[in-house]
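Heads up: the sequence shown begins at 168 in my numbering, then just goes up one per residue.
No lab work stands behind these hints, which were simulated from the structure alone.
Do not take every clue at face value.
Claimed, not checked - List of simulated lysine-lysine pairs, DSSO-like, C-alpha gap at most 30 Å:
#	residue 1	residue 2
1	LYS435	LYS521
2	LYS455	LYS437
3	LYS521	LYS455
4	LYS613	LYS623
5	LYS421	LYS183
6	LYS435	LYS617
7	LYS623	LYS203
8	LYS265	LYS207
9	LYS421	LYS613
10	LYS455	LYS435
11	LYS169	LYS183
12	LYS203	LYS435
13	LYS203	LYS265
14	LYS207	LYS331
15	LYS521	LYS437
16	LYS437	LYS421
17	LYS623	LYS331
18	LYS200	LYS169
19	LYS265	LYS183
20	LYS617	LYS521
21	LYS203	LYS617
22	LYS386	LYS437
23	LYS623	LYS169
24	LYS421	LYS331
25	LYS455	LYS183
26	LYS386	LYS623
27	LYS313	LYS203
28	LYS265	LYS169
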Amino acid sequence: MKNVLFAASECTPFIKTGGLADVIGSLPQELNKSRKAHVKVILPLYDEMPSHWQAQMELTATINVPVGWRNQEASLYTLEHNGVEYFFVSNDYYFTRKGVYGYYDDGERFVFFSRAVIEALPYLGFTPDIIHAHDWQTGLVPAFAKIIQPLEDLRTVFTIHNIKYQGMMPHQMFDELFNLSIEHFGGLEWNGMLNCMKSGIFHADKITTVSPSYAEEIKDPFYGEGLHDLLNERATDLSGIINGIDTNDYHPLKDPYIFSNYRHSRGKKKENKEYLQEQLHLPVDGEKPFYTIISRLVEQKGFHLVQRILDEFLQEDVQVAVLGTGDGEFEEYFYHAQERHPEKLAVRLTFDEKLARQMYAASDFFIMPSQFEPCGLSQLIALQYKAVPIVRETGGLRDTVEPFNEITGEGNGFRFANYNAHELLDALQNSLAIYHNPIQWIQLLKNVNKSQYSWKDSGAAYTELYEAFENANIYS
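Go ahead and model the full structure; you've got the sequences and the hints to work with.
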């Protein structure tokens, strides 16, 4: 059994801004349950963290963290939750702020946190065999681990959740913040800037990302955000492991937010549809095909495509519900589209977890036409709630949604290949045709019912990755 320390910038249920938090909240629990790894997690202690969690924490140690010419003091707190021990690094200057990211000194904040991870190692109550760092905020952890060498035979894994966000700083910050000799500058620098994502890719022993397709895509210039050459150099150390979801949390039989709980029952799902139609002030008709979008309203998620075809698609006898916030361009578009189609389109420009669950439970179809998608969780949740996903062939969407084949009866959703509005419209119209074909619709729903994306399979893949270090004799 390997001792593994996860280093990350967010984690449910403590603090969340996106899907990274869901991964860090669920994957360590699965690994510990399997008894094939012993995982602990280290995080920043943000002021935004709910007070009831902070009240349960116990002070473990006070550590000094060198940041350039300064020594910053950090308090290390701990608590146990769902079989996982969590450590929290507290520092008033860096983390007693509103929000989590978006500050001018985010680079410096996560230089501090990454170095604090290394300084905290003697106080964790176990000796890690592996540090598993996640995304740019901890991309410097593998660098510090390799350069400072705090533990004999310590190995590192770095997971890329979204290569678009890289944590770049002016190169002058090397002398200001890093306490490293100049020979290490090259492993941190990219295109004249210090780059935390590049650091993780360069220094880690193994690199993973959150789906097999995304692992291939980021080696291409279109998806690699400038780091494709380095990823091709490290190709033998790069792999993709699909994310899972917490199937106890996202379970229509147990979900307290939805109107009528169910496992596979289409009758119960119809009740959820009719309830939501009433709540959204749409005509109540349980037989009408119901499509939903639950998303950040940003370009990455494919909304330029939706803009071009939504009015045409709403000429069909369908209803569409949209939930999310984001760029003003898309918020304004959906607001006015709802005015044009009040009987067919309901838009809520907010984020509401309860409403999101109700929309998944009511959906016949879930639309996710992303420009790129490292893994995607929404399509997995949709499948769990027995909604048929309609996605573009990219990243984890390609790996989790198999297009329905009318001849063989195989497939759990609909896909389109190119980032093209008419291909999206074709997929939507194809889904509508299948909905109105009772034999094919029943077969498609059977396939959806068999789709399972829990963390069990993903956890096994990570365990195999950890064990590969020993099997490769790299400790010798």
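*Taken at face value, is the distance from the CA of LYS183 to the CA of LYS169 at most 30 Å?*
27 Å, holds
*For the pair we were handed, LYS455 and LYS435, check the Cα-Cα distance against 30 Å.*
15 Å, holds
*Does LYS437 lie within 30 Å of LYS455 when you go C-alpha to C-alpha?*
10 Å, holds
*asked:* So if I understand the rule, the pair passes when the alpha-carbon distance is 30 Å or less; does LYS203 with LYS617 pass?
replied: Roughly 27 Å between the alpha carbons, so the hint for LYS203 and LYS617 holds.
*LYS623 and LYS331: Cα distance at most 30 Å?*
The given pair, whose Cα atoms are some 28 Å apart, holds under the 30 Å limit.
_Check whether the Cα positions of LYS207 and LYS331 lie no farther apart than 30 Å._
Answer holds: LYS207 to LYS331 is near 27 Å, not above 30 Å.
*Within a Cα-Cα threshold of 30 Å, do LYS200 and LYS169 meet the stated pairing?*
Distance of about 13 Å is within 30 Å: holds.
_Agreement of LYS521 and LYS455 with the hint, judged by alpha carbon distance not exceeding 30 Å_ = The hint holds at about 23 Å.
_Straight-line alpha-carbon gap LYS421 to LYS331, limit 30 Å_ = 36 Å, violated
*Please work out if LYS623 and LYS169 have their alpha carbons no farther apart than 30 Å.*
17 Å, holds
_Hinted pair, alpha-carbon criterion (30 Å max): LYS421, LYS613. Please report holds or violated._
21 Å, holds
*asked:* Next pair to validate is LYS617 with LYS521; report whether the Cα-Cα distance is within 30 Å.
replied: 25 Å, holds
Violated hints, listed in ascending order, are 12, 13, 22, 24, 25 and 28; each of the other numbered hints is respected by the structure.
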